[in-house]
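Asker: If you read the protein sequences in the order shown, they are chains A and B.
Numbered per UniProt numbering, the first sequence spans residues 1 to 477.
Numbered per UniProt numbering, the second sequence spans residues 1 to 305.
No lab work stands behind these hints, which were simulated from the structure alone.
Source: prediction; values computed, not measured.
There may be inaccurate statements among the hints.
[Claimed, not checked] Capping the alpha-carbon separation at 27 Å, the derived lysine-lysine pairs in DSS-like fashion look like this:
{"hint": "1", "chain 1": "A", "residue 1": "Lys-28", "chain 2": "B", "residue 2": "Lys-35"}
{"hint": "2", "chain 1": "A", "residue 1": "Lys-27", "chain 2": "B", "residue 2": "Lys-35"}
{"hint": "3", "chain 1": "B", "residue 1": "Lys-155", "chain 2": "A", "residue 2": "Lys-390"}
{"hint": "4", "chain 1": "B", "residue 1": "Lys-270", "chain 2": "A", "residue 2": "Lys-390"}
{"hint": "5", "chain 1": "B", "residue 1": "Lys-238", "chain 2": "B", "residue 2": "Lys-173"}
{"hint": "6", "chain 1": "A", "residue 1": "Lys-147", "chain 2": "A", "residue 2": "Lys-160"}
{"hint": "7", "chain 1": "A", "residue 1": "Lys-160", "chain 2": "A", "residue 2": "Lys-28"}
{"hint": "8", "chain 1": "A", "residue 1": "Lys-226", "chain 2": "B", "residue 2": "Lys-35"}
{"hint": "9", "chain 1": "B", "residue 1": "Lys-34", "chain 2": "A", "residue 2": "Lys-226"}
{"hint": "10", "chain 1": "A", "residue 1": "Lys-27", "chain 2": "B", "residue 2": "Lys-34"}
{"hint": "11", "chain 1": "B", "residue 1": "Lys-238", "chain 2": "A", "residue 2": "Lys-390"}
{"hint": "12", "chain 1": "B", "residue 1": "Lys-238", "chain 2": "B", "residue 2": "Lys-223"}
{"hint": "13", "chain 1": "A", "residue 1": "Lys-28", "chain 2": "B", "residue 2": "Lys-34"}
{"hint": "14", "chain 1": "B", "residue 1": "Lys-270", "chain 2": "B", "residue 2": "Lys-173"}
{"hint": "15", "chain 1": "A", "residue 1": "Lys-28", "chain 2": "A", "residue 2": "Lys-226"}
{"hint": "16", "chain 1": "B", "residue 1": "Lys-238", "chain 2": "B", "residue 2": "Lys-155"}
{"hint": "17", "chain 1": "A", "residue 1": "Lys-241", "chain 2": "A", "residue 2": "Lys-331"}
{"hint": "18", "chain 1": "B", "residue 1": "Lys-299", "chain 2": "A", "residue 2": "Lys-390"}
[As the list claims (entries may be wrong)] Here's a subset of chain B near chain A, in silico, CB distances under 7 Å, partners left out:
{"hint": "19", "residue": "Thr-31"}
{"hint": "20", "residue": "Lys-34"}
{"hint": "21", "residue": "Lys-35"}
{"hint": "22", "residue": "Val-37"}
{"hint": "23", "residue": "Ser-38"}
{"hint": "24", "residue": "Ala-39"}
{"hint": "25", "residue": "Pro-58"}
{"hint": "26", "residue": "Met-59"}
{"hint": "27", "residue": "Pro-60"}
{"hint": "28", "residue": "Gln-145"}
{"hint": "29", "residue": "Cys-146"}
{"hint": "30", "residue": "Ser-149"}
{"hint": "31", "residue": "Asp-150"}
From the three backbone atoms N, C-alpha and C, an ideal C-beta is built for every residue, glycine too.
Okay, here's what each chain looks like letter by letter:
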Amino acid sequence: MQHQKVIPIVPVPAAPEETVSLYEAHKKVYPRSVTGLFARWRWAFVWLTQIVFYGLPWLSWGTENGSRQAVLFDLAARRFYLFGEVLYPQDFIYLTGLLVASALLLFLFTAVAGRLWCGFACPQTVYTEIFLWIERHVEGDRPQRLKLDGSSFSTEKLVKKSFKHLAWMSVAMWTGVTFVGYFTPVRELGMEFLQTRMDSWEVFWVFFYAAATYGNAGFLREQVCKYMCPYARFQSAMFDKDTLIVSYDAARGDPRGTRGRRDDFQARGLGSCIDCGLCVQVCPTGIDIRNGLQYECISCAACVDVCDTVMDKMEYPRGLIRFSTQQALDKGWTGRDIVRRVLRPRILVYATVLAALCMGLAISLALRTPLRVDVVRDRASLARIVAGGKLENVYRLQVMNATEETQRYRIGAEGLPGLAIASDDEVSVGPAESRWVAVRLQLPYGAAPAGSHAIHFTIEGQGGAHVREKSVFIVPR
Amino acid sequence: MSDFTANFWSVYVAGITLAGIVACLLLLWITARKKIVSAADNTTGHVWDEDLTEMNNPMPRWWMWLFVITAVFSLLYLAFYPGLGTYQGSLGWSSRGAYDAEVEEANRQLAPLYAQFTARKVEEVAGDAAAMAIGERLFMNNCAQCHGSDARGSKGFPNLADADWLHGGTPDKIVETINAGRQGAMPPMAAAVGSADDVKNVANYVLSLSGAPHDSLRAQLGKSKFTACAACHGMDGKGNPAMGAPNLTDDVWLHGYGEQAIIAMVNNGKTNVMPAQHGKLTDAQIHVLASYVWGLSNKPVVVKP
Chain A
1 MQHQKVIPIV
11 PVPAAPEETV
21 SLYEAHKKVY
31 PRSVTGLFAR
41 WRWAFVWLTQ
51 IVFYGLPWLS
61 WGTENGSRQA
71 VLFDLAARRF
81 YLFGEVLYPQ
91 DFIYLTGLLV
101 ASALLLFLFT
111 AVAGRLWCGF
121 ACPQTVYTEI
131 FLWIERHVEG
141 DRPQRLKLDG
151 SSFSTEKLVK
161 KSFKHLAWMS
171 VAMWTGVTFV
181 GYFTPVRELG
191 MEFLQTRMDS
201 WEVFWVFFYA
211 AATYGNAGFL
221 REQVCKYMCP
231 YARFQSAMFD
241 KDTLIVSYDA
251 ARGDPRGTRG
261 RRDDFQARGL
271 GSCIDCGLCV
281 QVCPTGIDIR
291 NGLQYECISC
301 AACVDVCDTV
311 MDKMEYPRGL
321 IRFSTQQALD
331 KGWTGRDIVR
341 RVLRPRILVY
351 ATVLAALCMG
361 LAISLALRTP
371 LRVDVVRDRA
381 SLARIVAGGK
391 LENVYRLQVM
401 NATEETQRYR
411 IGAEGLPGLA
421 IASDDEVSVG
431 PAESRWVAVR
441 LQLPYGAAPA
451 GSHAIHFTIE
461 GQGGAHVREK
471 SVFIVPR
Chain B
1 MSDFTANFWS
11 VYVAGITLAG
21 IVACLLLLWI
31 TARKKIVSAA
41 DNTTGHVWDE
51 DLTEMNNPMP
61 RWWMWLFVIT
71 AVFSLLYLAF
81 YPGLGTYQGS
91 LGWSSRGAYD
101 AEVEEANRQL
111 APLYAQFTAR
121 KVEEVAGDAA
131 AMAIGERLFM
141 NNCAQCHGSD
151 ARGSKGFPNL
161 ADADWLHGGT
171 PDKIVETINA
181 GRQGAMPPMA
191 AAVGSADDVK
201 NVANYVLSLS
211 GAPHDSLRAQ
221 LGKSKFTACA
231 ACHGMDGKGN
241 PAMGAPNLTD
251 DVWLHGYGEQ
261 AIIAMVNNGK
271 TNVMPAQHGK
281 LTDAQIHVLA
291 SYVWGLSNKP
301 VVVKP
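Just need the whole structure built from these sequences, with the hints factored in.
Answerer: Okay, structure coming up:
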């Protein structure tokens, strides 16, 4: 049975109309600082993500040829070093897999718990949080900031503002250098940066990324989420009525009204909401959660924390604003009911596909042969007859060594009786190097009828690396 | 610019481009001035399908300024760079010019690298592993299309890895060949040789020169007719590198082996062209390339530093 919620009909005066522009002037949001369970979680994620981001490029990885940066995407040499793995551009499928897995993870996550990513781990949120922390320590909390921005020019204002922007720029520059450090060895980059002798592209990307951090976290903030982020736009496709959302319990809270701490608010016909407006003041996107689910809400739960504090002060039970679901609110469900609704078909499908994909990726990466070969038939000659009346076909083999030691590979060919290699059948390839080798295959005249015949190249390394590549041998008419 | 033989299309394209930008700016200007009525609940009053109402979610104003900046940028861009029909832009930029500048810059940067090779003789450069790695890449990009990636050629394209040279295989000759190209011409000789039977006899004589299977009676009859061929190939058939006439006494057959192939050659002749590479490659590149080619069939002189 669906509950039909009866809304009391109260005569409302005709809504005043106003004339507005199609373009809105920016209203600056001054989020008030907040403490509580979710604030602690958010800071835990800030630390976690930033330790990984700033720390990873400095990590070294030991190999037989000395040590190198553990994670380095060397775009110029087209080699991607990921701890023990050396990836070639041909291994792009792993990146595709990783991106698909990330997307699925986001789908799964969103279907279960809404925009937790946005509120806790998204770089936009994390850097805004760091920048807000700086701002708060320099200029003070919301009331002081409002006062400072409203005040006329003074030395104090100049000092505070310059110090804040200097601190912001320092963090932004550090972020820029770190980002570029994923693509060019960070230790050298750090030295180059300090000695101001980076090359022009490094300068461009360091400053580009720094400017992006400074602009996004310092100024654009919630506007990135509201106007630019595509995720906010398609999240509704992943939400359903059992998705956890930050929600205001209107049945309990309304009608709102101010009251003293000891007042019998029920006698006055009021709900639990004391209409203090703190949930609006702490909101980083500047919305009023009491208006229901809005696309601007990034699920950061700052309003939950602050409302719980207020409820504690009023000695009311917590949870007027809380993580709940649409269904639970409508039907008055408890936490147990919500948990029971988690395993619904959509979640199971996402989880199954995600698990299968991750397993496939892991197995494929573990079983990867650290050798890759591309066979290209020579483009100049189809076939030729050489001394001794033999038919010859020419191939170019690109032998890619995905280990960090010099390797010797033995080349073989099979598929036709009498097929033999006329050129060197051994090739030595340096660490993480790829080499083109011209290979001549000969067949005694008349050993195969005219036409194209499927053959295979076999390439064996010392460490048991073994690759079999298909090609064709052409016998002319 | 054969597309723009008449001025009309240039003006047409430029007109559409400019009109598009002006229309964008006009649209921005109109929307920026337009005011709409919004109810207190932030809806616009538009309702569809009974209860679907349109919220008033205005664009941020700074976004509008981004559009303006974009439009201004496009106008400046079109003033500096080609984009309006046949107008070349005030900076005189062209993709061809940019390419030439990049090649020139690359050559300038590589000059010191090549200088160490050009200072040495071809025989020595061929023994330098670094030079040969460069030579191989030059060969792959410029020569492998005809001579094959292993330089062993195929029918009609000479093998560069054997000891047989049409025009001579000394370093100087190789440089000369790469620079200026070669034109190999064998005129149709059927009329000079005689009847079809005579041609067949000459073909058998030619086969006999290299010890290939042949009809010895016909070869003897063809020997006297070979005088027509001797002008180029010499009386003994050993060819003449000065004019690119191939040696007929070895087992290298550039244009096909056997009686039929030789008869066709005598009857029809052949013109074979190797294009000149001068201008496409720098002198230094040709020096390294010649060293690479020379090294394919010769033992390089390794100089101990």
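Asker: So, for every hint listed, does it hold in this structure?
Answerer: Structure-based check of each hint:
A C-alpha spacing of about 23 Å is found between Lys-28(A) and Lys-35(B), which places the hinted pair at or below 27 Å, so the restraint holds. Among the hinted pairs, Lys-27(A) with Lys-35(B) is consistent with the structure: their alpha-carbon atoms are about 19 Å apart, no more than 27 Å. Under the criterion of a C-alpha separation no larger than 27 Å, the hint pairing Lys-155(B) with Lys-390(A) is consistent with the structure, at around 14 Å. Of the pairs offered as hints, the one joining Lys-270(B) and Lys-390(A) holds, with about 26 Å between alpha carbons and a cut-off of 27 Å not exceeded.
Pair hint Lys-238(B) plus Lys-173(B) holds up; C-alpha atoms about 19 Å apart against a cutoff of 27 Å. Restraint check for Lys-147(A) and Lys-160(A): the C-alpha separation of about 13 Å stays at or below 27 Å, so the hint holds. Using a Cα cut-off of 27 Å, the hinted pair Lys-160(A) and Lys-28(A) holds, with the two alpha carbons roughly 18 Å apart. Our distance criterion of 27 Å between C-alpha atoms is met by Lys-226(A) and Lys-35(B), whose separation comes to about 22 Å.
Only pairs whose Cα atoms come within 27 Å are accepted, and Lys-34(B) paired with Lys-226(A) is accepted, the gap being roughly 23 Å. Simply put, Lys-27(A) and Lys-34(B) have alpha-carbon atoms about 20 Å apart, close enough for the 27 Å limit, and the pair holds. Between the alpha carbons of Lys-238(B) and Lys-390(A) the distance comes to roughly 25 Å, so the proposed pair stays at or under 27 Å and holds. The straight-line distance between the Cα atoms of Lys-238(B) and Lys-223(B) is roughly 14 Å, inside the 27 Å bound, and the hint therefore holds.
Only pairs whose Cα atoms come within 27 Å are accepted, and Lys-28(A) paired with Lys-34(B) is accepted, the gap being roughly 24 Å. The straight-line distance between the Cα atoms of Lys-270(B) and Lys-173(B) is roughly 22 Å, inside the 27 Å bound, and the hint therefore holds. In summary, the hint linking Lys-28(A) to Lys-226(A) is supported, as the alpha carbons are separated by about 13 Å, within the 27 Å threshold. A C-alpha spacing of about 20 Å is found between Lys-238(B) and Lys-155(B), which places the hinted pair at or below 27 Å, so the restraint holds.
This hinted pair checks out: Lys-241(A) and Lys-331(A) have alpha carbons roughly 11 Å apart, not beyond 27 Å. Among the hinted pairs, Lys-299(B) with Lys-390(A) is consistent with the structure: their alpha-carbon atoms are about 26 Å apart, no more than 27 Å. Taking 7 Å as the C-beta cut-off, the interface hint given for Thr-31(B) holds, the closest approach to chain A being about 5 Å. Residue-level restraint check for Lys-34(B) holds (minimum Cβ-Cβ distance to chain A is 6 Å; threshold 7 Å).
Among the interface hints, the one on Lys-35(B) holds; its C-beta lies about 4 Å from the nearest C-beta in chain A, closer than the 7 Å criterion. Hint on Val-37(B) holds. Least Cβ distance to chain A is approximately 5 Å, under the 7 Å limit. For Ser-38(B), the shortest C-beta to C-beta distance to chain A is roughly 5 Å, which falls under 7 Å, so the interface hint holds. A distance limit of 7 Å between C-beta atoms decides the matter here; for Ala-39(B) the minimum to chain A is near 5 Å, and the interface restraint holds.
For Pro-58(B), the suggested interface contact is upheld, since its CB lies about 4 Å from the closest CB of chain A, less than 7 Å. Nearest Cβ of chain A to the Cβ of Met-59(B): about 5 Å, under the 7 Å cut. The hint holds. Below 7 Å, beta-carbon pairs count as interface contacts, and Pro-60(B) has one with chain A at about 6 Å; its hint therefore holds. With a cut of 7 Å, the hint placing Gln-145(B) at the interface with chain A holds, because the nearest CB-to-CB distance is about 6 Å.
Hint on Cys-146(B) holds. Least Cβ distance to chain A is approximately 6 Å, under the 7 Å limit. A distance limit of 7 Å between C-beta atoms decides the matter here; for Ser-149(B) the minimum to chain A is near 5 Å, and the interface restraint holds. At a threshold of 7 Å, the smallest CB-CB gap from Asp-150(B) to chain A is about 4 Å, leaving the interface hint in force.
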